[in-house]
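Colleague: Sequence:
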Amino acid sequence: MTSDVLTAATRRRAHRRRTTLTWLNTAAVAGVALIFTFPFLWMFLTALKPANEVFSGSALGSEVRWRNFTDAWTLVPFGRFIANGFFVAVAGAALSVVVAVLSAYAFSRLRFRYRDRLFLLYVATLVLPQEVLVVPLFIMMNEAGYVDTYAALIVPFAFTAFGTFLMRQFFLTIPVEYEEAARIDGASRVRTLWSVLLPQLRAPLSVLGVFSFIGYWNSYLWPLIVINTQDKATVPLGLTMFTGEHGTQWNLVMAASTIAVVPSLFIVVLLQRQLMKGVSMGGFGGR
Numbered sequence: 001m002t003s004d005v006l007t008a009a010t011r012r013r014a015h016r017r018r019t020t021l022t023w024l025n026t027a028a029v030a031g032v033a034l035i036f037t038f039p040f041l042w043m044f045l046t047a048l049k050p051a052n053e054v055f056s057g058s059a060l061g062s063e064v065r066w067r068n069f070t071d072a073w074t075l076v077p078f079g080r081f082i083a084n085g086f087f088v089a090v091a092g093a094a095l096s097v098v099v100a101v102l103s104a105y106a107f108s109r110l111r112f113r114y115r116d117r118l119f120l121l122y123v124a125t126l127v128l129p130q131e132v133l134v135v136p137l138f139i140m141m142n143e144a145g146y147v148d149t150y151a152a153l154i155v156p157f158a159f160t161a162f163g164t165f166l167m168r169q170f171f172l173t174i175p176v177e178y179e180e181a182a183r184i185d186g187a188s189r190v191r192t193l194w195s196v197l198l199p200q201l202r203a204p205l206s207v208l209g210v211f212s213f214i215g216y217w218n219s220y221l222w223p224l225i226v227i228n229t230q231d232k233a234t235v236p237l238g239l240t241m242f243t244g245e246h247g248t249q250w251n252l253v254m255a256a257s258t259i260a261v262v263p264s265l266f267i268v269v270l271l272q273r274q275l276m277k278g279v280s281m282g283g284f285g286g287r
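So the sequence shown is numbered by the UniProt record's numbering: it starts at 1 and just counts up by one.
It is worth saying that the hints were derived from the structure and are not from the lab. Every value quoted in this text rests on a predicted model; they were computed, and no experiment measured them. All residues carry an ideal CB built from backbone N, CA and C; glycine is no exception.
FRET-style restraints, in silico, Cβ to Cβ:
id, residue 1, residue 2, range
1, I139, I214, 26 to 36 Å
2, R273, G244, 39 to 49 Å
3, R18, T240, 47 to 57 Å
With the hints as constraints, model all of the structure from the sequences given.
Modeller: Written out as structure tokens, the structure is:
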């Protein structure tokens, strides 16, 4: 009897301990989430303020001005900027995924001389900041006649080593026996890549696609250099047009920024399951 009482008391203490740890973990996660979402909440609340109350220090203005969003949309051709940015981001993400898959397959599955050394040299390009690359890239685009074109916005930064490195590590986690079985059945390398390997990499491909989309969507320096007209300007360039000789219309900037966040947020929510799966797979193991 005494032993049963002690066992029950031990279980109650363990249950209380687990409950306490659960609450502490939940509170910690909620605190971190609040820290990361606070700038977006402040941006949204600022977008609803009158222009003369943006820097008032209070979270809410004297009135809620939903028309700030309408003004931000119509004062400049912001719809055009959204369309340009979406086209560039989708096309750039698609091209980045294709380039990363093909190059990662070559570096992980094909056997050729100096393969590993070339891969290390390719990955070493990640240490180069964008500011170093924009001048030679602009000269190349200018010589090719691609300045102020969508091609100039999309092509140069689709050939980066990050996607190749990421996808190569995932390729290395797939046993080569799958490919050997496919080749025994008469499948070519292209068919093996398309039908055997890629179906197992949907989650990593989603991760790379989302990262690439957000990178293109938020890019500012390169579009600023290579784009000369409003017709092909993207969202970051459009946000600068709310600044004039009389100052910056911060309430409209915040309204436009809130609108600009929606596409990225929508894609992340849409692919949330694949993103979580891709991150949990841990593509940095490799061999």
